[in-house]
Structures are given as C-alpha cells and as structure tokens.
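Protein chains in written order, with this note's numbering: chain A, 1 to 286; chain B, 287 to 651.
Quick caveat, the hints were computed from the structure, so don't treat them as lab data.
Idealized CB from N, CA, C, for every residue including glycine.
One thing to keep in mind: the hints can contain errors.
Which residues of chain A face chain B? A partial, calculated answer using Cβ under 7 Å [claimed, not checked]:
| hint | residue |
| --- | --- |
| 1 | A141 |
| 2 | D143 |
| 3 | P144 |
| 4 | Y179 |
| 5 | Q180 |
| 6 | Q183 |
| 7 | I184 |
| 8 | G186 |
| 9 | A187 |
| 10 | Y195 |
| 11 | P199 |
Straight-line C-alpha distance at most 30 Å; calculated BS3-like pairs for lysine-lysine [what the hints assert, rightly or not]:
| hint | chain 1 | residue 1 | chain 2 | residue 2 |
| --- | --- | --- | --- | --- |
| 12 | A | K191 | B | K401 |
| 13 | B | K400 | A | K191 |
| 14 | A | K200 | B | K507 |
| 15 | B | K350 | B | K507 |
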Amino acid sequence: MNNRAVLFLLPVIVIMSLSAFIPLITVVNYSLHYIFSGSMPQYVGLANYVEVLRDPEFHDALTRQLVFSTMVLAVEIPLGIMIALALPRKGIWASISLVLLGIPLLIPYNVVGIVWRLFTQSDIGVIPKILGFFGYAYNVALDPIDAPLTIFILDVWHWTPLVVLLCYAGLQSIPDAYYQAAQIDGASTWKTFRYVTLPKLRSVLILGVLLRFMDSFKIYSEPLLLTGGGPGSSTTFFSLFVSRKAESYELGYAGSVSMIYLFIVIVFSFVFFQIMTNIGKGGQTK
Amino acid sequence: MASIELRNLSHSYDVIMGKGEKASFSINNLNVRWEDGKAVALLGPSGCGKTTLLNAISGLLKPKAGQVMFNDRDVTMLSTKQRHIAQVFQFPVVYDSMDVFGNLAFPLLNDGLKKNDIRGRIEEVAEILELQDLLKVSAGRLTPADKQKVSLGRGIIRPDTAAVLLDEPLTVIDPKLQWTLRRKLKQVQRRFRITMVYVTHDQHEALTFADVVTVMSKDGKIAQTGTPEELHENPDTPFVGYFIGSPGMNILDCSLTAEGLDFDGFVMPVSDELRSRVSGPGDGLQLGIRPEFVCSRLEPENGGVPFTALIIEDTGAYKVLTLTRHDIRIKTRISQTEPVSENDTVWVSFPERHVKIFRDGSRIY
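The whole structure should be built from the sequences, with the hints applied where relevant.
The following block contains the structure:
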C-alpha cells in the first residue's frame with residue numbers, strides 16, 4: 001500500500017476546501033437561485049446566467065475591463081522590458097535603481113488609492129494644477145475620459161516595476177556567450193534582442209503577462225477609492241460591478257457574474273500561457 | 287582562411303569576485319604566428335589567459351597593447367563582424383527560437399544574403415556535420431552534442447571565414463560523444479582547410495587534434511609552440527615538460543661537479559658531450575626525464591640509485607610508481623607484471639640519451 005501519500009496531501013485538501021472550494025460551491029449555488037434580500041431562495045436553473053449575458057450593464061463592464069486589461073498589458077510589458085534593458089547591470093546604481101523601482105510595489109493598494117486621490121482631487125490636487133497650467137481642464141470626478149485614464153496611469157506606475165524586476169532577473173541570467181555569439185554572427189542590435197534576449201526572457205514574460213492580466217482583471221481598490229466607479233460607470237471595472245450587485249442584494253445575479261468572471265480569467269490565462277509557451281518553438285524558418 | 291599572427295599582445299583585467307576579492311587575468315607580450323589552414327591547439331592550465339587571448343583574436347575585446355594580424359593585415363581595430371571570425375563557446379550557444387536551418391542561415395542572412403541563395407550552402411554544411419535530418423527541428427530541443435555541432439556549423443557556414451576559434455568546446459559533451467565530435471572537427475578542418483584555434487586545458491584533446499600546439503604558462507606567456515612530437519620530445523622549459531605527458535616529466539634540481547650531475551648526494555656520470563654543452567656560467571640547473579624513460583629495477587644494479595616506493599598507481603596497462611629519496615620525488619612507469627609493493631626499494635638510473643637539462647628555465651641540452 002502506497003496510499004499514505006494521501007495523508008500528506010490532506011492539509012492542502014482541507015485548507016483548499018475551506019478557502020476556495022466551499023466558497024466556490026456556495027457561489028455556484030447562489031447563481032442557480034433567485035434570491036432577493038432575505039426572502040426564500042427559489043431555484044431558477046440557468047435563468048440568472050441568461051439575464052447576465054443579456055444585460056447591457058454587464059456588456060459595458062466587460063468591454064471596459066477588456067479594454068483596460070489590454071492597455072495594461074500593451075503598455076506595462078514593453079515598457080517593463082525597455083526599463084529593464086536600460087538599467088545598469090552592476091554597481092551601486094543597480095542597487096539604487098532596484099530599490100527605487102521596488103517602492104511602488106511595497107505600498108498597499110488602498111494607500112495607493114488614497115495617495116492618488118489626493119494627487120488628483122480637483123480642488124487641492126497637484127495634477128489638476130499642473131495640467132491646468134498647460135491649459136487642460138482635468139477633472140477626475142466629472143470627466144468620463146480623465147477618470148479611467150488616471151486609473152490606467154496609476155496602474156502603470158504601480159505595476160510596471162514588477163515587470164521590470166522580473167525582466168531584470170531574467171536578463172541577469174542570460175550568459176554573456178549568447179551576446180558574444182550574436183556579435184560574431186554579425187547580428188544587429190534588433191536581431192540580438194529578437195533572437196537572444198526575447199526568447200531567453202520567455203519564462204519570466206509568461207509569468208509577467210499572466211500576473212498582470214489576472215491582477216488587472218481584478219482591479220478593485222483603486223477605482224473604489226479614487227473615483228468610486230464613476231463618473232457615471234466610466235470606472236466601474238468588473239470587480240466593482242460584481243460587488244455593486246452583491247451589495248444591492250442581487251445575490252443570484254452576482255453569483256452568476258462571478259462564475260462568468262472566473263471562467264473568463266481562466267480561459268484567457270490558459271490561452272496566454274499556451275500561446276507564449278509555444279510561440280517561436282519548432283520550425284519557423286523554412 | 288587566414289594565417290593569424292599576434293605581435294607583442296598584452297591585456298589584463300580584474301574580475302571582482304565578491305567582498306573585496308579580485309582575480310586578475312592577463313596575457314603578457316605574446317608573439318606567435320599560426321599558418322593558414324592549420325589546426326592549432328592552445329593549451330595551458332586554467333586561468334592562464336587562453337580565453338582572453340581567444341577573445342582578443344575574435345575582437346570581443348580590444349587588447350591594451352599589441353597587434354592582431356590576419357594574413358599580415360592589422361585587424362586589431364576592426365570589429366568582430368569585420369574580421370569574419372567564428373567562435374564556438376564552452377557551452378553550446380544556439381538560437382532556441384529558430385530551427386537548425388535558421389541557426390545555420392543566421393550569419394549569412396546577417397551578411398545580407400537572400401534565403402534562396404544560401405540553401406545549397408546550408409545543406410552542404412548540414413551534411414558534413416550530419417545535421418541534415420535535424421534541419422527543421424527547433425534548436426532548443428537538441429542534445430548538447432548536436433547543439434555544439436550547430437554552433438560549429440554557424441562558424442563554418444561563411445565561405446570567407448578567416449578562422450574558427452573553439453573555446454573548450456567539448457566540456458559539456460557526454461564523454462562518449464566527445465571522441466566522435468573531436469573527429470568530426472578534425473574532418474571539417476581538413477576538408478575546408480580552415481585555420482582552427484582550439485583552446486583546452488586537456489593535453490590529450492590538444493595533442494590528438496592539432497598540427498601545432500601552443501602551450502601557455504600560468505603567467506599568461508607563451509611557453510612553446512611546436513608539433514605534438516616536438517613538445518613531447520624536446521620541451522623548451524621545465525613547465526612544458528611537466529605539463530605535457532601523463533604523468534609529466536620528472537624535474538630535478540642538480541648541479542654539475544667533477545664526477546657528473548649531482549642530485550642531493552648521488553651522482554650521475556655524464557658524457558663529455560653533455561658536459562661541454564652544460565658547463566658554463568649560471569646556476570639553477572635542472573634535469574628532466576620522462577617517467578617512461580626512467581630505468582627502474584627491483585634488484586640492486588650497477589650505477590642504480592636506491593629509492594623507496596611511495597605510491598603505486600595501477601593503470602591496468604602499466605604501473606606508475608612515485609619514488610622518494612630524501613626530498614626528491616620522481617615518477618616512473620614499470621611493467622604491469624613487476625611484483626612491487628609500497629616501501630620496497632627500487633634502483634633507478636637515468637639513461638643519458640633521454641635526459642634533458644635546463645638552466646634558468648630554458649633547455650640547454
């Protein structure tokens with residue numbers, strides 16, 4: 001009998017059940033019932049899902065979220081790589097720049113939200129003052145473009161350093177011989193980057209893209225503190241949308257959205273992982 | 287293809303090894319010429335500057351002084367690309383995201399050639415290296431030995447490659463495949479008449495591969511350049527004598543007296559010819575003799591000097607004895623069948639025709 005291994009897995013199974021599995025089942029259960037406030041739940045099958053998928057508010061929130069996450073990836077990943085390439089490799093300046101870059105990562109989400117709220121507040125904030133000086137009437141509380149753009153810039157400021165640190169670690173682990181070989185083969189700077197640096201960064205980039213995608217999809221505290229989801233619904237990203245629904249006691253509806261939310265995150269993450277793992281592998285030049 | 291000549295080449299640099307520790311690497315005033323189309327081995331102990339020298343030849347580093355000449359043309363200031371040089375590194379370097387074809391095509395495409403014009407050349411090189419079945423396989427999936435072949439292939443793919451430099455290319459290869467790959471290298475070298483410079487600290491590798499061997503000493507200087515036979519038979523310095531051969535040459539301090547060569551109390555009679563060549567001003571005489579030429583017997587012998595057997599190493603084909611007498615230690619090779627055990631007395635003599643004499647570090651006989 002070699003089934004004693006199960007014993008060692010038991011703690012994980014117990015903890016996972018309590019922290020993930022049981023709540024998940026509860027949410028599945030909610031999503032299949034019509035519940036309003038404290039009234040008796042009524043089994044409605046997939047009716048909640050149908051309602052969610054037909055709801056224009058859901059479509060808006062999903063589109064907004066996809067645009068936001070796409071922009072986050074499109075800006076933070078290339079920017080992170082570029083900054084990592086530009087950082088000094090060794091010496092005192094390497095340490096100093098890493099510490100400076102690490103600072104945003106150390107600040108808790110809600111503190112970031114508060115700090116940026118003070119930055120951007122139209123009466124006392126420094127950002128409206130500066131932009132006003134250049135003739136731009138910035139107002140995060142009223143302008144439906146300024147608000148999401150501010151949250152996007154906040155996210156870039158907060159999380160690009162994570163991509164930088166990942167890439168920096170990845171770059172440090174590339175042996176010099178690869179660059180020397182590229183030099184001997186007469187490769188241009190671009191080709192060296194394309195065929196040496198980028199493939200060698202593959203695994204850290206997979207990690208970076210997945211982390212940034214999942215995290216940006218879950219963005220919650222920042223819009224909550226900075227704009228409260230407004231003006232209108234211009235910064236009501238997915239998490240905020242779900243919690244709003246739950247707060248208004250539409251538990252069945254919120255449950256269905258949560259399940260769809262989970263499904264979307266898993267599907268996208270899987271697709272990203274597959275694409276990035278297989279890209280450029282196997283015969284491509286022929 | 288080109289001849290390579292180094293003139294008064296010097297370079298040095300420090301590598302910081304952590305808390306205040308530094309390791310210095312240097313090459314000092316090197317002068318050597320390697321003819322076009324030769325297989326050259328650059329042999330020396332670890333840390334003697336072999337890789338530094340190689341990087342100076344390929345242009346990966348600019349030497350602090352001296353010149354690098356290809357076919358008598360000064361290329362010291364030219365970039366790596368302009369030198370048309372190829373280098374194969376200790377660890378196989380391939381472009382993982384390309385297939386083998388793409389890897390072999392890479393240097394040619396970088397030179398501005400079109401993909402359709404180079405297909406023939408790539409197939410030719412792939413065939414020589416026995417890579418023709420792997421052309422469409424991703425380079426990242428190859429075994430280390432095949433990766434190293436691809437790496438070599440990129441080196442020889444340019445028809446106008448001046449020379450191929452190899453920096454201990456077999457280190458990470460499976461021992462069984464090392465032999466095959468080394469033979470393949472030699473075959474490629476012969477077929478294309480490429481000047482190849484092969485860096486190694488393994489003398490067996492160097493001596494089997496090369497037409498010419500250059501030995502570097504620990505202080506970053508060239509100790510001797512010659513054919514494997516020359517290095518073995520007539521080492522210029524005690525270092526070369528000791529470094530080449532397994533086990534290396536026995537080097538013993540001695541002095542010339544009226545009776546002959548005196549080693550710490552026992553005297554070896556010498557011929558008049560040797561005496562006339564060796565006598566002269568200066569001290570620091572050293573005698574060198576290879577272990578296989580040391581005459582050793584288990585019975586007392588006329589002219590033999592008694593030594594005590596300290597260590598016996600049985601290689602299977604023969605035994606290597608380490609013998610001692612006072613402070614002197616020598617190694618000798620005897621037949622497998624001789625019944626010798628530790629602490630036995632062994633009588634030793636040095637046949638004069640196999641004796642080399644060095645004064646102040648250079649051979650005089």
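TODO: Kindly indicate which numbered hints from before are broken by the structure, ordering the numbers from low to high.
DONE: When the structure is compared with the hints, numbers 1, 2, 3, 4 and 14 turn out to be violated.
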